[in-house]
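**Student:** As they're listed, the protein sequences go chains A and B. This note's numbering numbers the first residue of the first sequence as 407 and each following residue consecutively. This note's numbering numbers the first residue of the second sequence as 407 and each following residue consecutively.
Hints in this document: simulated from the structure, not taken from any laboratory. One or more of the hints may lead you astray.
Since the list gives no way to pick one copy over another, a pair counts as held whenever it fits inside one copy or between any two copies.
[Unchecked claim] Listed next, the in silico DSS-like pairs over lysine-lysine satisfying Cα-Cα at most 27 Å (straight line):
#	residue 1	residue 2
1	K453	K551
2	K448	K538
3	K661	K556
4	K600	K661
5	K671	K508
6	K621	K661
7	K453	K671
8	K519	K671
9	K453	K634
10	K538	K508
Protein chains: 2
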Amino acid sequence: MGNNSAIPAFDRNPTAQILQTAEESFLIDCGEGTQMQMTRYKIRRSKISRIFISHLHGDHYYGLIGLLTSMGLLGRTQEIHLHAPAALQEILYLQLNVADTKLPYQIHFHPIKAEGIIVDDKKISVECFSTKHRIECWGFIFREKKNPRKLNAERASFHEIPASFYDKLQQGHDYVNKQGITIANDAVTTAASKPKSYAFCADTIYDETLAAKVKEVDLLYHEATYLKDLHERAAARFHSTSVQAASIAKMGGVKKLIIGHFSSKYETLEAFLPEACEVFENTDLALEGVCYKI
Amino acid sequence: MGNNSAIPAFDRNPTAQILQTAEESFLIDCGEGTQMQMTRYKIRRSKISRIFISHLHGDHYYGLIGLLTSMGLLGRTQEIHLHAPAALQEILYLQLNVADTKLPYQIHFHPIKAEGIIVDDKKISVECFSTKHRIECWGFIFREKKNPRKLNAERASFHEIPASFYDKLQQGHDYVNKQGITIANDAVTTAASKPKSYAFCADTIYDETLAAKVKEVDLLYHEATYLKDLHERAAARFHSTSVQAASIAKMGGVKKLIIGHFSSKYETLEAFLPEACEVFENTDLALEGVCYKI
Chain A
407 MGNNSAIPAF DRNPTAQILQ TAEESFLIDC GEGTQMQMTR YKIRRSKISR IFISHLHGDH
467 YYGLIGLLTS MGLLGRTQEI HLHAPAALQE ILYLQLNVAD TKLPYQIHFH PIKAEGIIVD
527 DKKISVECFS TKHRIECWGF IFREKKNPRK LNAERASFHE IPASFYDKLQ QGHDYVNKQG
587 ITIANDAVTT AASKPKSYAF CADTIYDETL AAKVKEVDLL YHEATYLKDL HERAAARFHS
647 TSVQAASIAK MGGVKKLIIG HFSSKYETLE AFLPEACEVF ENTDLALEGV CYKI
Chain B
407 MGNNSAIPAF DRNPTAQILQ TAEESFLIDC GEGTQMQMTR YKIRRSKISR IFISHLHGDH
467 YYGLIGLLTS MGLLGRTQEI HLHAPAALQE ILYLQLNVAD TKLPYQIHFH PIKAEGIIVD
527 DKKISVECFS TKHRIECWGF IFREKKNPRK LNAERASFHE IPASFYDKLQ QGHDYVNKQG
587 ITIANDAVTT AASKPKSYAF CADTIYDETL AAKVKEVDLL YHEATYLKDL HERAAARFHS
647 TSVQAASIAK MGGVKKLIIG HFSSKYETLE AFLPEACEVF ENTDLALEGV CYKI
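So that you can see chain A by itself, here it is in the shape it has in the complex (with noise of 0.2 Å):
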């Protein structure tokens, strides 16, 4: 919802990302008129499950509480996972305070405090790992989790495989019947697909460890505030460049990779692509209200 770097531009937004499951959506950073953003690209709130802030960088959250407070206007009763770094908790309460505003519906609050698993459900993890940025900084890696086996129901029944067996047939077991013979599992289910995952990078200066962060993810996230002959000005300001988010992409041996988070000083992005197109071929410009399937 938001690929813009500080100050919004060229009716280019702040950071906002949803990352959507088959059941749930998480939202990723809410910069200043995500919520605008959202209306715009009719993106239901009421499925936003968990909300994650990779740093305190007004581009990155100064959207969050009007989304907050509107989802409690809107009537939201649904508890909501908020995933982001201590200080935000404090930053949110004062202004719920001041207004005298009781959300009608609960905030987990969980503050991030080390690299590893934040998230453990049933079907997707997430990780957190710490990026090299003026503040304290944390990107992401959503990963689903081993998926079940694909059942021919029309087969099982056949084999007469009572239907209270069929979890046990998409974990990949073996069936025995009432006559002591076995139906092989890949007699009555084909393979899972393969569980997919995404890194979202967060702000970094460019920095090689990520690469090793991110291995082989199915789509990769990078930050590419500045083209490539601004790379002093990037170190500078602990941001990266077009062609070192490729680098990473190309290192980390990741699928496929977005760009993001232009700056302001650019009015077009055409120049992005080439040159990260030059280091790693699989890239795709993040582009306002476009999804890409992972």
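Chain A is fixed; fit chain B onto it per the hints.
**Tutor:** Leaving out everything else, chain B in the frame of chain A:
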């Protein structure tokens, strides 16, 4: 820049207005997205010398921290005056501190403590008054000071009045020349234009005491969150209706009324104006991007 109430909806934004004088601009309230609206409507941020925040409900100030941060990133060095409820100061500095941001310009924070004159400049004064809302809330009246009389330079020169006396002429003094002859002031000047006034009534329940406070201003902005049939809901939420806003305008004998702060329940605004005009004819809708001349 914003004519909507709490939740942004139907491309309408939360409250924000620019009051422009010949020399400077005042920003009145600053809902989320105000900095984007400023870009959209080509409002020069460098002209803004003072910001007035009526109260600390999010739809009136969530955009302020982003605007102040961006002003810094854009290299502003000119100081700015901020008039607001006291608690805003802690919120702003907490956010600047966690981001390790040092603004390159000075913010003079003036906590609003009581009704009365809060700005007394050479050409303009600003008076604040309390309104009845769920939390501490302030309205503002901006008054031009007495304008200087208009000098007819040709006639002043004909009477051989030295340029050093022109200021006095504009203040209304007669001139006595070396021969002891008096040149009457109105021989060389014409009457000043009448000082103008604008009252911003903030969020308020219907409150007839407001009529005296905004008496005879040239332009009154009064909130009209709901249409007249929802007067009970308006009262319960400390807001006003179209008809109530018009009644205050009529009672106060103001010249013109603008209504805004429309509820997100209304997809279109067409029903507001006929209701208000029935009580007070010289009424306009507050529409985003429109400039109202006082």
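**Student:** Work down the list of hints and note, for each, if the structure agrees.
**Tutor:** Hint by hint, here is what the structure shows:
1. Taking the shortest alpha-carbon separations for K453 and K551, only the intra-copy value of 20 Å comes in at or below 27 Å, while the best inter-copy value is 55 Å.
2. Taking the closest pair of Cα atoms, K448 and K538 never come within 27 Å of each other, the shortest separation being 34 Å inside a single copy and 36 Å across copies.
3. With identical chains, the CA atoms of K661 and K556 are at most 27 Å apart within one copy only, with a shortest distance of 24 Å there and 74 Å across copies.
4. In this homomeric assembly, K600 and K661 come within 27 Å of each other (Cα to Cα) only inside a single copy, at 13 Å, whereas the closest approach across copies is 70 Å.
5. Proximity of K671 and K508 under a CA criterion of 27 Å is satisfied inter-copy only: 21 Å between copies versus 40 Å inside one chain copy.
6. Taking the closest pair of Cα atoms, K621 and K661 come within 27 Å of each other only inside a single copy of the chain (10 Å); across copies the shortest separation is 68 Å, beyond that limit.
7. For the homomeric pair K453 and K671, the shortest alpha-carbon distance between copies (22 Å) is at most 27 Å, but the shortest distance inside one copy (35 Å) is not.
8. For the homomeric pair K519 and K671, neither the shortest alpha-carbon distance inside one copy (34 Å) nor that between copies (42 Å) is at most 27 Å.
9. Taking CA atoms no more than 27 Å apart as the test, K453 paired with K634 passes in neither setting, with 38 Å inside one copy and 35 Å between copies.
10. When the C-alpha separation of K538 and K508 is checked against a cutoff of 27 Å, the pair qualifies only between copies, where the shortest distance is 20 Å, while the shortest distance within a copy is 36 Å.
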